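As they're listed, the protein sequences go chains E and A. Numbered according to this note's numbering, the first sequence terminates at residue 606, and the numbering increases by one at each position without gaps. Numbered according to this note's numbering, the second sequence terminates at residue 1342, and the numbering increases by one at each position without gaps.
Incorrect hints may appear among the rest.
Over the 12 Å line for every Cβ pair with chain E, so calculated as not near, a few chain A residues [to be verified]: (1) 1040; (2) 1091; (3) 1105; (4) 1111; (5) 1140; (6) 1199; (7) 1203; (8) 1234; (9) 1237; (10) 1252; (11) 1280; (12) 1313.
As a list, the in silico SDA-like pairs of lysine to any residue whose alpha-carbon atoms are at most 25 Å apart [to be verified]: (13) E:277 with A:1170; (14) A:1316 with A:1110; (15) E:277 with A:1154; (16) E:420 with E:466; (17) E:215 with E:435; (18) A:1316 with A:1191; (19) E:215 with E:135; (20) A:1316 with E:312; (21) E:277 with A:1011; (22) E:215 with A:1329; (23) E:377 with E:418; (24) E:215 with A:1146; (25) A:1316 with A:1329; (26) E:420 with E:101; (27) A:1316 with E:99; (28) E:215 with E:178; (29) A:1220 with A:1191; (30) A:1316 with E:244; (31) A:1316 with A:1062; (32) E:324 with E:312; (33) A:1316 with E:172; (34) E:420 with A:1329; (35) E:215 with E:589; (36) A:1316 with E:324; (37) E:420 with E:435; (38) A:1316 with E:242; (39) E:215 with A:1149; (40) E:277 with A:1012.
Because the hints were derived from the structure by calculation, they are not lab data. This structure is a prediction, so every number in the text was calculated from the model and none was measured. All C-beta atoms in this analysis are idealised placements derived from N, C-alpha and C, irrespective of residue type, glycine included.
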Amino acid sequence: MTSRHFTWLAIALFALAWPLFGAFTITLVNYIGLYSLVAVGLVMLTGVGGITSFGQAAFVGLGAYATAWICTSPTAAQALSALPAGALPWLGLLLGLAVTALIAWFLGAVTLPLAGHFLPLGTLAWGLSLYYIFGNLDGLGGFTGITGVPALTIGGFELSSPRVLGVLIWAVLLLAIWALHNLLDSREGRAIRALKSGRVMAESMGVDTGRQRMKLFVLAALLSAVSGWLYAHLQRFVNPTPFDLNIGIEYLFMAVVGGSGHLWGAVLGATLITLLKEQLQDWLPRLLGASGNFEVIVFGLLMLLVLQRAADGLWPLIAAGARKFIKPEAPRHAQTTAAELPRHALPPAGQSVLEAREVTKRFGGLVANNAVNLDVKAGEVHALIGPNGAGKSTFFNMISGVDDPTSGTVALLGQAMAGKPSRAFAALGLGRTFQHVRLLGQRSVLENVAVGAHLRGHRGWLSAMLRRDRHEEAALLAEARRQIERCGLTQYIDTPAASLPLGQQRIVEIARALAGQPSVLLLDEPAAGLRHLEKQALAELLAQLRAEGLAVLVVEHDMEFVMNLADRVTVLEFGTVIALGTPAQVQADPRVMAAYLGSDMPGAQA
Amino acid sequence: MDAQIALMLGQDGLVTGAIYALVALALVLVFSVTRVIFIPQGEFVTYAALSMAAIQAGGVPSAIWLLLGLAVLTLVVEAWRHWRGLHVDWGSTAVWAIVLPAVAAAVALWVRPAAAWAQTVLALLLIVPMGPLLYRLVYRPLAHASVLMLLIVSVALHWVMVGLGLYFFGAEGARTATMWDARWDLGGLPVSGQSLVVIGAAVVLLAAMYVFFERSIIGKALRATAINRVGARLMGIPTDLSGDICFALAALIGAVCGLLIAPITTIYYDTGFLIGLKGFVAAIVGGLMSYPMSVLGALLVGQLESFSSFWASAFKEVIVFTLIIPVLWWRSLNTRHVEDEE
């Protein structure tokens, strides 16, 4: 039995048991469904995307209040008198989604450009504010709330009983999980996962991280609003209490306790917290001899324990236990016949593709790069060498869009790149690797390499959710597989990247860069950590790429590797270019020898 | 509104602003040294205020049981770490988990001081050791976690502390005796001695912090840690020590805030959270980095709160918390390149 079979079996059993549940169980299960819908959005946001929000309860509140207001307010009734009463809740859903999207977008626009902790702090303030707004607006019934919210009707059939509405709740939840599962298993899904391991890598692969984070935040908010809409029509009454900040924090706890990196973890967390709360509210006051909201102590301690001992939540523990009985899905390798991705023509050999002119970078009083000139031609391997602290990494950042020069220009394929983000460099055909390896450690080599092909696909979130991207996805994975084969990593294709030795991880980074079909390849210390034979294989690969017409710039400390491979060498010392020429010319240059061996060694000629 | 009401509101705003400035100072300190966004800062305010109320009522402040519990738990954890072969600094452990709690327990249970200054010292003795003890129990095992993870931990700890506050202090609110009940009338503007005490204490504490960070070796070590954590460790500044001191200072500042504000307003077990969050709004004005900007932010928050309670009291909180939107927006305008998050 595979995990897919198991999921279907569990859903079928759940559906069969539905009519047998008692009224109280139905209520609990309905609430678990509603909470899961919110928590699953938080899983996407926190566990997958690496950002978080304490304000989801406020978005639930927007969804609930929007429909309650449309369905009960005299003002709305007057304006919408032409519509049948059964249409009002659906209009309420649209209003709730629209208002939620607008507010989430606004909050995101303000906080997402900043460091990651400003979004949660912003949502903390927003979650607190909205509670007071709901409670103080007379039009929304103040702290007493709005009563008389009608039941949902679909095609004249009234969903007034919780047992019937529960079917809709769980159908919506399962659909959402299916769509999110599909999204994660796609080009855009890989881009979302890349957000968490540092945005510099994702941007360098062409991912617009600001946009992805925004979409993720709005998506999570919209799922909350849908939950609120269902809640209003289940409860038939809304007041501010279920939407205050503490509940917002509770939603986050559900996601984290369940397992914030796993969609089903949200359902597990929601179930656990709901059942636990139910029990605790019953016997804690008896135990402590006082009445009050004491379950927060237990929840808080539980949360601290989970975060300290099992930061990935409880789902992975259960999944590990279940692995004895359930086979994992076999990796899909079948589509070898997938269409090839479109390729663009490389610039003719000898044409200068990357040009840095008088590039200077100052950090306060420190001049890290001083008027550095460097160009890389198509069909050559250009090496940039220099002692530690010479400013090589700073320069690398500036010719790849990670940082801007203080003065001077960088041109890629003839285009001035001043002030452009690194994804614009990637879009023009620049591929790069990192000195400190930046891979998604838990994901397979195949998925990591496929991230590099991000810009060669175009299907968006919606087509991924609905599985309309399968043709393109097959082509992307086929391309990734080709690059993996070419770099000699085929035996590791399904291995998690973090379990490879560091030297091999560097090769994975090269394969990832190649998957983007670059015209210019920037390699930051590619040979570090490789054994002799592996270095030879790498040199052969780079020579082959040069023959194909790529422009390759290598930063490397291994002199034997550099001198045997490079066509030209630029030497940097204290931020200044001290030599440029063929390996032989550079090796003979007295200033270079002085830089490497010390200036007061007259016998350095040897 | 006439000039007199405006002056009164301004004075109120200045007093609460001074409290928020102290809270913001503690938050910036803790964040810059340990990367912890310390949501439970407000709980120290509550604990100190409610303990002081209990002491003044002649009872045993139940915070002592909490302190002793934390101390015993910490000793168990440290012994376990020692047994597992990890390095344990028993000297500092003895100070935070044995000496100070023992002194606090002796004073609280047997001395039961009647003099105001001794009561104040006792309240501080009860709260200050909680800072390093909580750091060791809660944050130290997660020293390498991301800022985001530490933030979630802070929220969890906030819940635990609010729940424990309700259990130990009860749902009843409390006020303490004023420290200086003089009153003056300056051209129609009533000025209370207590508000002068608050402002004076805030200024003295801010100045003391400045001297501590500029002159003392420990203060300089904390600043070095804030600027570069790894570099500071390589220079021999122990991370654990900076964590201990940082959280002790945060608890001290929080406790002082609690003692200052309790004579002015009734404190409930959950009041501290809102005070802490307003401190956060101020600290965010300073980008969680700059002390002077945070103090300015706190004064702004105090005035905003004071004047909005006059014009739109129902929306007071909304207005204060919405302030961070334009602040963050202004900050985001100056950020262009994506940065890697820790």
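Here's how the hints hold up against the structure:
For residue 1040 (chain A), the requirement that its beta carbon stay farther than 12 Å from each beta carbon of chain E is not met, with the minimum near 10 Å. Every beta carbon of chain E lies more than 12 Å from that of residue 1091 (chain A), the smallest distance being close to 25 Å; the non-interface claim holds. With a minimum CB-CB distance of about 23 Å to chain E, residue 1105 (chain A) clears the 12 Å threshold, and the non-interface call stands. Consistency note on residue 1111 (chain A): stated as away from chain E, and its beta-carbon is indeed over 12 Å from all of that chain's, at 29 Å minimum.
A Cβ of chain E approaches the Cβ of residue 1140 (chain A) within 12 Å, the least distance being about 10 Å, so the stated non-interface status is violated. The non-interface label for residue 1199 (chain A) is consistent with chain E: the shortest C-beta to C-beta separation is roughly 26 Å, beyond 12 Å. Even its closest Cβ contact with chain E, about 28 Å, leaves residue 1203 (chain A) beyond 12 Å, as expected for a residue assigned away from the interface. Interface exclusion of residue 1234 (chain A) from chain E stands, the closest Cβ pair being 16 Å apart, more than 12 Å.
At roughly 23 Å, the least C-beta separation between residue 1237 (chain A) and chain E is larger than 12 Å, which holds for a residue marked as non-interface. Listed as outside the interface, residue 1252 (chain A) is consistent with that label: its C-beta sits roughly 24 Å from the nearest C-beta of chain E, beyond the 12 Å cut-off. For residue 1280 (chain A), the requirement that its beta carbon stay farther than 12 Å from each beta carbon of chain E is not met, with the minimum near 7 Å. Chain E draws residue 1313 (chain A) into its interface by the beta-carbon criterion, the shortest separation being 10 Å against a cut-off of 12 Å.
Taking the CA atoms of residue 277 (chain E) and residue 1170 (chain A), the gap is about 21 Å. The hint holds against a cut of 25 Å. A distance of roughly 44 Å separates the Cα atoms of residue 1316 (chain A) and residue 1110 (chain A); the hinted pair therefore is violated under the 25 Å criterion. Distance restraint check for residue 277 (chain E) and residue 1154 (chain A): the Cα-Cα separation of roughly 21 Å lies within the 25 Å cut-off, and the hinted pair is therefore satisfied. Among the hinted pairs, residue 420 (chain E) with residue 466 (chain E) is inconsistent with the structure: their alpha-carbon atoms are about 33 Å apart, more than 25 Å.
A hinted pair counts as satisfied when its Cα atoms are at most 25 Å apart, and residue 215 (chain E) with residue 435 (chain E) does not qualify at roughly 30 Å. Restraint check: the Cα-Cα separation between residue 1316 (chain A) and residue 1191 (chain A) comes to about 24 Å, which is no more than 25 Å; the hinted pair holds. Annotation: proposed proximity of residue 215 (chain E) to residue 135 (chain E) is violated, straight-line Cα distance about 30 Å (limit 25 Å). For the suggested pair residue 1316 (chain A) and residue 312 (chain E), the alpha carbons sit about 39 Å apart, so the restraint of at most 25 Å is broken.
Using a Cα cut-off of 25 Å, the hinted pair residue 277 (chain E) and residue 1011 (chain A) is violated, with the two alpha carbons roughly 44 Å apart. Simply put, residue 215 (chain E) and residue 1329 (chain A) have alpha-carbon atoms about 19 Å apart, close enough for the 25 Å limit, and the pair holds. Only pairs whose Cα atoms come within 25 Å are accepted, and residue 377 (chain E) paired with residue 418 (chain E) is accepted, the gap being roughly 20 Å. A threshold of 25 Å between alpha carbons decides the hint, and for residue 215 (chain E) with residue 1146 (chain A) the separation of about 22 Å falls inside it, so the pair holds.
Between residue 1316 (chain A) and residue 1329 (chain A), the direct Cα distance comes to roughly 21 Å. Compliance with the 25 Å bound is thereby established for this hinted pair. For a cut-off of 25 Å, the pair hint linking residue 420 (chain E) to residue 101 (chain E) is broken: about 29 Å separates their Cα positions. Distance restraint check for residue 1316 (chain A) and residue 99 (chain E): the Cα-Cα separation of roughly 23 Å lies within the 25 Å cut-off, and the hinted pair is therefore satisfied. Distance hint between residue 215 (chain E) and residue 178 (chain E) is fulfilled; the C-alpha atoms sit about 18 Å from each other, no more than 25 Å.
Proximity of residue 1220 (chain A) to residue 1191 (chain A) is assessed by CA-CA distance (about 39 Å); at most 25 Å being required, the pair is judged violated. The straight-line distance between the Cα atoms of residue 1316 (chain A) and residue 244 (chain E) is roughly 16 Å, inside the 25 Å bound, and the hint therefore holds. Restraint check for residue 1316 (chain A) and residue 1062 (chain A): the C-alpha separation of about 33 Å exceeds 25 Å, so the hint is violated. Taking the CA atoms of residue 324 (chain E) and residue 312 (chain E), the gap is near 20 Å; set against the 25 Å cutoff, the hint holds.
At most 25 Å may separate the alpha-carbon atoms for a hinted pair to count; residue 1316 (chain A) and residue 172 (chain E) exceed this at roughly 38 Å. Among the hinted pairs, residue 420 (chain E) with residue 1329 (chain A) is consistent with the structure: their alpha-carbon atoms are about 22 Å apart, no more than 25 Å. Between residue 215 (chain E) and residue 589 (chain E) the alpha-carbon distance is near 54 Å, which puts this suggested pair outside the 25 Å criterion. Between residue 1316 (chain A) and residue 324 (chain E) the CA atoms are separated by roughly 57 Å; this puts the pair beyond 25 Å, and the hint is violated.
A threshold of 25 Å between alpha carbons decides the hint, and for residue 420 (chain E) with residue 435 (chain E) the separation of about 22 Å falls inside it, so the pair holds. The hinted pair formed by residue 1316 (chain A) and residue 242 (chain E) meets the criterion: a straight-line CA distance of about 21 Å does not exceed 25 Å. With a C-alpha separation of about 22 Å, the suggested pairing of residue 215 (chain E) with residue 1149 (chain A) holds against the 25 Å cut-off. Restraint check for residue 277 (chain E) and residue 1012 (chain A): not satisfied, since their Cα atoms lie roughly 41 Å apart, outside the 25 Å limit.
Figure legend: structure checked against the earlier numbered hints; hints not met, in rising order: 1, 5, 11, 12, 14, 16, 17, 19, 20, 21, 26, 29, 31, 33, 35, 36 and 40.
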